[in-house]
Amino acid sequence: MGASAAAPAACANEVRPASSRAPLLAVEGVRKGFGGRTGLQVLDDIGFAVGEGEFVSVVGPSGCGKTTLLLALSGLLRLDAGSVRFAGVPVWDGTPAGVAIVFQDYSRSLLPWKTNLGNVLFGMRRVGNRRTADKIGQAMALLAAVGLEGFEKHYPWQVSGGMQQRVAIARGLASRSQLLLLDEPLASVDAQTRAEMQDLLLGIAERYGQTCLLVTHDVEEAVYMGDRIVVLSARPTRVVREIAVDLPRPRDQIATRESAAFLATRHEVLALIRNERRGAVTERAGR
Amino acid sequence: MIWLRRLLALGVILAVWQAIVWLRVAPTAYLPSPAVVALAAAGMFSSPEDMHAEALTVLRALAGFALTVPLGIALGALGALVPAFQKALRPWTELLRPMPPAAIIPISVFAIGFGLKLYLFTIVFAALWPVYFNTVAAFSGTSEVLLRTGRAFGCSRPALIARVVLPNALPQIFIGIRIAAAISLLVSVVTDMFAGQDGLGYLLFERAFALRIPDVFALTLLCGLDGMAFNEMVLILRRLVIGWHVRMTAEAAA
Chain A
1 MGASAAAPAA CANEVRPASS RAPLLAVEGV RKGFGGRTGL QVLDDIGFAV
51 GEGEFVSVVG PSGCGKTTLL LALSGLLRLD AGSVRFAGVP VWDGTPAGVA
101 IVFQDYSRSL LPWKTNLGNV LFGMRRVGNR RTADKIGQAM ALLAAVGLEG
151 FEKHYPWQVS GGMQQRVAIA RGLASRSQLL LLDEPLASVD AQTRAEMQDL
201 LLGIAERYGQ TCLLVTHDVE EAVYMGDRIV VLSARPTRVV REIAVDLPRP
251 RDQIATRESA AFLATRHEVL ALIRNERRGA VTERAGR
Chain B
288 MIWLRRLLAL GVILAVWQAI VWLRVAPTAY LPSPAVVALA AAGMFSSPED
338 MHAEALTVLR ALAGFALTVP LGIALGALGA LVPAFQKALR PWTELLRPMP
388 PAAIIPISVF AIGFGLKLYL FTIVFAALWP VYFNTVAAFS GTSEVLLRTG
438 RAFGCSRPAL IARVVLPNAL PQIFIGIRIA AAISLLVSVV TDMFAGQDGL
488 GYLLFERAFA LRIPDVFALT LLCGLDGMAF NEMVLILRRL VIGWHVRMTA
538 EAAA
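Protein sequences appear in the order of chains A and B.
Using my numbering, the letters of the first sequence correspond one by one to residues 1 to 287.
Using my numbering, the letters of the second sequence correspond one by one to residues 288 to 541.
Keep in mind the hints are simulated off the structure, nothing from the lab.
Note that this is a predicted model, so its numbers are computed, not measured.
Any given hint might turn out to be false.
What the hints assert, rightly or not - Restricting the straight-line Cα-Cα distance to at most 25 Å, the calculated cross-link-like pairs of lysine to aspartate or glutamate (DMTMM-like) are:
(1) A/K114 to B/E336
(2) B/K374 to B/D485
(3) A/K135 to B/E538
To be verified - The following residues of chain A were derived to be distant from chain B, with all beta-carbon distances above 12 Å:
(4) G82
(5) A133
(6) A144
(7) Q158
(8) Q192
(9) E196
(10) A261
Every residue, glycine too, gets a C-beta built ideally from N, C-alpha and C.
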């Protein structure tokens, strides 16, 4: 695409982050394939940016490599081409200290030999220069913030799936990260818990001024949570469009979801994704 | 409740035993009654010679076990983390692992002589494998999600091994440790029998050749008690080291 050479005017349909400073996370021309020459091209030229304090949703058709993208952004996967910069510094091998991840598979990503408190403390590994007592106090406060007061001494396997997810979120917040990456964090909880957790996440993001990147397959969730939506194509994955979400905060599960702006945005994203899915099917049939 | 059931099982065994004696299935000289064996056991427990043998066998087994566990874990970790090491070791493990421990005792005597070092060698030789293989399997089987989690929260490679891979592997390693404890005692007794000048195994053979049948029964009983004690020791160790896993499996079963 040669995005770096093109004048800003050439990207008129792209929405720029509100901040005029360099973005917190800048993704450019990221490509990633698996399995050598005959293999699968998963990511094919991904580029977008996340500004400080933003809540960005990334949504795409199923199987479009959302998790691969998230691993690439967090430095847990070598890129074939392109660059990921966090706070101006290239992310290469390993997750930068300012980035925390809440994994999709939260139940298996919590350490079963540690208590909930121990798991949150594990999230503070890179927070230096503080006494253990202070760290424990902060971890307790975080657990309370996600509604787990009184469950600090419990082990993850002693609490429900929804509570495990809260522990994982508290652990993600514990590293005092500048950027929180959320990989389909609510994919496996029931609908009511899901709505509750969405509001919990939004509340926390607001309270801590937390920059968030949410990867999800749920279009409504993407619209409800985000300031901006990055819509991905089917595999090989590109960015189809970036859409600004023009909805007031704080969001409300009933009023926001019934508002005309919500429905219009939802319509736009759903149409894009349906197009992508059809395109993918036609392409497969044509082979 | 569980003790009541155990007591009941013991009672049934004793009753059947006594019944067999009364029915004269075997000559009384070769199958003494429970009462006669109890008397021999009382004599055994008050005999300094017998208790000395008991202490020797148990302590040698413990020493071998204490050497086997860290060695097995270290080699297993090396095997899992350095594929070349495991590959280089494989012909040896394939050759040595199926060897019956008793079969190596004669050449071990030629190679290293008698005494504690012989016991350490034969025990480690036999008990190492379950610890080694379980460690390799557990280390290699660490889930990708856990590894990513560790790396995402800033673990370097050594920290990843110490803080994620090892604690995650311990439950499976303990399966090997439990087997190693049983093997340690077994090989200690067998080494007594074939190459010892003392210990429970030696005493057992001595009394058996002298046809002191009640004594043989009593010593056999003592070996069984030692085996139970070793198993109990591993269970306590397991509760201390991976209490979380003991509780997790208990709560999953409930």
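Taking the hints in turn, this is what the structure says about them:
1. Between A/K114 and B/E336 the CA atoms are separated by roughly 49 Å; this puts the pair beyond 25 Å, and the hint is violated.
2. Straight-line distance between C-alpha atoms of B/K374 and B/D485 comes to about 40 Å, which puts the hinted pair past the 25 Å bound.
3. Of the supplied pair hints, the one linking A/K135 and B/E538 is violated, its CA atoms being roughly 30 Å apart against a limit of 25 Å.
4. With a cut of 12 Å on Cβ distances, A/G82 stays outside the contact zone with chain B, its closest approach being about 20 Å.
5. The beta carbon of A/A133 sits about 21 Å from the closest Cβ of chain B, which is more than 12 Å, so the claim that it is off the interface holds.
6. With a least CB separation of 21 Å from chain B, A/A144 remains clear of the 12 Å interface cut-off, as annotated.
7. Distance check on A/Q158: its Cβ comes as close as 7 Å (rounded) to a Cβ of chain B, failing to clear the 12 Å threshold; non-interface status is violated.
8. Look at A/Q192: its CB is around 26 Å from the nearest CB on chain B, clear of 12 Å, so calling it non-interface holds up.
9. No Cβ of chain B comes within 12 Å of the Cβ of A/E196; the nearest lies about 24 Å off, and the non-interface call holds.
10. Its beta-carbon lying about 35 Å from the closest one in chain B, A/A261 satisfies the requirement of being farther than 12 Å from that chain.
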